[in-house]
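Peer 1: Start from chain R and add chain S according to the hints.
Protein sequence lines, in the order shown, are assigned to chains R and S. Residue 514 in the working numbering is what sits at position 514 of the first sequence, and the numbering runs on without skipping anything. Take any residue in the second sequence, note its place counting from 1, add 580, and you have its number in the working numbering.
Possibly wrong hints are sitting among the right ones.
Listed next, with one range per pair, are the computed distances between beta-carbon atoms [stated by the list, open to error]:
hint, chain 1, residue 1, chain 2, residue 2, range
1, S, N648, R, A49, 24 to 32 angstroms
2, S, P691, R, Q345, 45 to 53 angstroms
3, R, L201, S, Y620, 22 to 30 angstroms
4, S, W720, R, C15, 43 to 51 angstroms
5, R, L201, S, G609, 53 to 61 angstroms
6, S, Y713, R, Q85, 43 to 51 angstroms
7, S, P691, R, A333, 48 to 56 angstroms
Residues from chain S shown here face chain R by an in silico Cβ test under 7 angstroms; the list is partial [unchecked claim]:
hint, residue
8, E652
9, T653
10, S660
11, T661
12, V685
13, G688
14, I695
15, D696
16, L697
Bear in mind the hints are in silico, worked out from the structure with no lab data behind them. Ideal placement from N, C-alpha and C gives every residue a C-beta, glycine not left out.
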Amino acid sequence: MKNPRNWRYLVVAICLAALGVAILAQIFHIQTSPEAKTILNGNDLYNYAYRTYYPPRGEILDRNGNLLAGNRTVYEVGVDLGAMQDPKNIALAAQMYLGLDYNDTLNKIQNPKPGVVYLVLKDDVAATTADDLIKLQKAVQSDPTGNTLDGLAFNPHLQRSYPDGTLAANILGFVTQDERGYFGVEEKYNNILAGVPVTLLVPTDPNRAEELPDIPSGATLILTIDSDLQASTEQILDQAVQDTGSASGTVVIMDPRNGEILAMATTPRLDPNDYSKYAQVFPGETPFNRAVSQAFEPGSVLKILTMAGALDSHTVEPSTTFMDTGSIVVGGATITNWNNGAWGQQDMTGCLANSLNVCLAWVATQMGNDNFYTYMKRFGLGHPTGIDLAGEVGGRLKLPGDGDWYPVDLGTNAFGQGVAITPIQLVMAASAIANGGRMFYPHVLQAIVEDGKQHNMSPQLVGNPISAATAHTLNEMLAVAIETEGSQGIVPGYRIAGKTGTAEIPDPTGGYDSNYTNASFIGWGPVDDPQFLVYVWLEKPTSDIWGSVVAAPVFRNIVEKLVVLRGIPPDNVRLQLNGQ
Amino acid sequence: MNNVTQIVQKYRQASWRVQRQWIGLFLLGLVLVAMVAGIYLNITTQANLAGRQVQNIKDDIITNQRTNADLETQLAALTSTEAMQKRAQDLGFQPVAPGDITYVVVPGYEPKQPIDLTSNVTSPANAIILPEYTESLFDWFTRELVSSAPSGGQP
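Okay, chain R solo, but in the shape it has when bound (with noise of 0.2 angstroms):
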């Protein structure tokens, strides 16, 4: 029996069968669609952004776990274009906390360029000021007036920092907005403190998170710097500096039995969170760091490594005597005394001691080029020493043969004229008279850690110059020669060897200037067990021109300092103490 009514349900099945596969064919239509290629292309674009990860820079320590270089947080505070509602009131909170212009910013943000959805306003903002923005953008969140701070967007970053201020800033560099480290150790290790930066593909869906990779932090550097050592030795040079009137001042100190640098003190010191005023505070050419980047003429105490050479290779004896008569010709050119006096018979240590130019130029000459030369090179001179600084330069040691070389160059360079050096190839050539005739290459890294693991640096050594017997021979002439003198450098309670220079500087014109000099002195001590090295040097003083009575209490004042800070005690409390 049939039921009257089905073709009614037989329309309506019909009618919904067909809404049903208009559906379909709608749906299928716009998935073939050539709009529907673009719209996926669209939401692939939009649910997928490439963002590069920075890993933390690595800290970097003093050899006492101090910390020198860090990070802090800053912020970047940028305008959400799409979420904006009141450009006005935004223009305002940037004029008012982060200092800039009302009207640029404004016109910045309501004119973006086409296709910008998002504008950085300020990077680096402090974090107390984004906090004080943030507490304001959330206090007039619910303006029924509409005058909110809707868009504006903060995202916070690490920036590095430098908590001790300009504290060994010529040893540690700076690093810029762009996370690049310059000049020193910033620079030298940049891809050890700044890890490897990660960048992904990362879908901005919410129902795509997936986890992001750990990406391991820089490595932490310790370096040899002792920073109580450092912050003596910057404040003694910065009151010589001024007392003196010097131009500049430059003190290093090395332990001579290993080359770790313990501190490296130069003027002018940049404030590394502030590396904005770069130029002003190095204007011209003014290197960042002298001790590495400033080779100069470095005077009397080159004769330090002269009479090494002479005593190493035979040519004189401690007691071998020379008649001063005032003046001595070499290459055709006369060479006189820093007092143009004559001053009779004298040995080895006598020419050391009143430092006279006549007789270390004869010592040269008796030499001969040839063994010279070969011990010159031998101390590193000529080349950079391979400190782990950036920006060293290797200085000029003019060779018999070279353009620029005359036969008086034997003469002069014997005292230290006519040969550009660093003070960092000063010390190392020296330390090797201080350590029984073996010299270490000078570094400035301790350790590195990453991944949880520490990894120590072995010293490296350079060579012999000399051997130890010279070298022992040579700390007893440069002891006694400071106590004869009568020294300004004498630390009381400890035999120190050591030894003046003054420079005469060169002029443009291929002269010397008279007026000015570069003064210095350097020393080592205690002589039976030289557990220090330092180095002072101060350019153009103007309250006096001679090393020994501007550069040489410098020393002491330092050498003081020194001894207290790193636990030597004087040479009679040593000897005892290490006989019980």
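Peer 2: Same frame as chain R, but now just chain S:
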């Protein structure tokens, strides 16, 4: 035999029974599809939630790292040489001169050793993650198959 034929005949005559069968089968299929869809939805939701939680934890780690870095730098600033010197002077201390120091032998005294920052904490990359959290169903099946296979005959 006649009884059987009668039952089949009566059953055929009741067409609603055949319809009910089809409806039953359809509903069964629908329930199965709904179950699979429900399970899929549940698992997907859980996976997404877990992913989001991991992201949040990662964000927390980054925030904590930033906070640590901030605190370390603040601490370093508070204990900087300049700050400590000023505090010492404010407390009435004076810089010591070499002549002020008395050196004595202390039996058993260990001089200050170089700092060692070696960490004993196992890095997350080295942590042991159970296979249940990383392998697919197919991986699990393969592992089970391999582990249950005989390892060779006994001599």
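Peer 1: Any hints this thing doesn't respect? Which numbers, in order?
Peer 2: 5, 13
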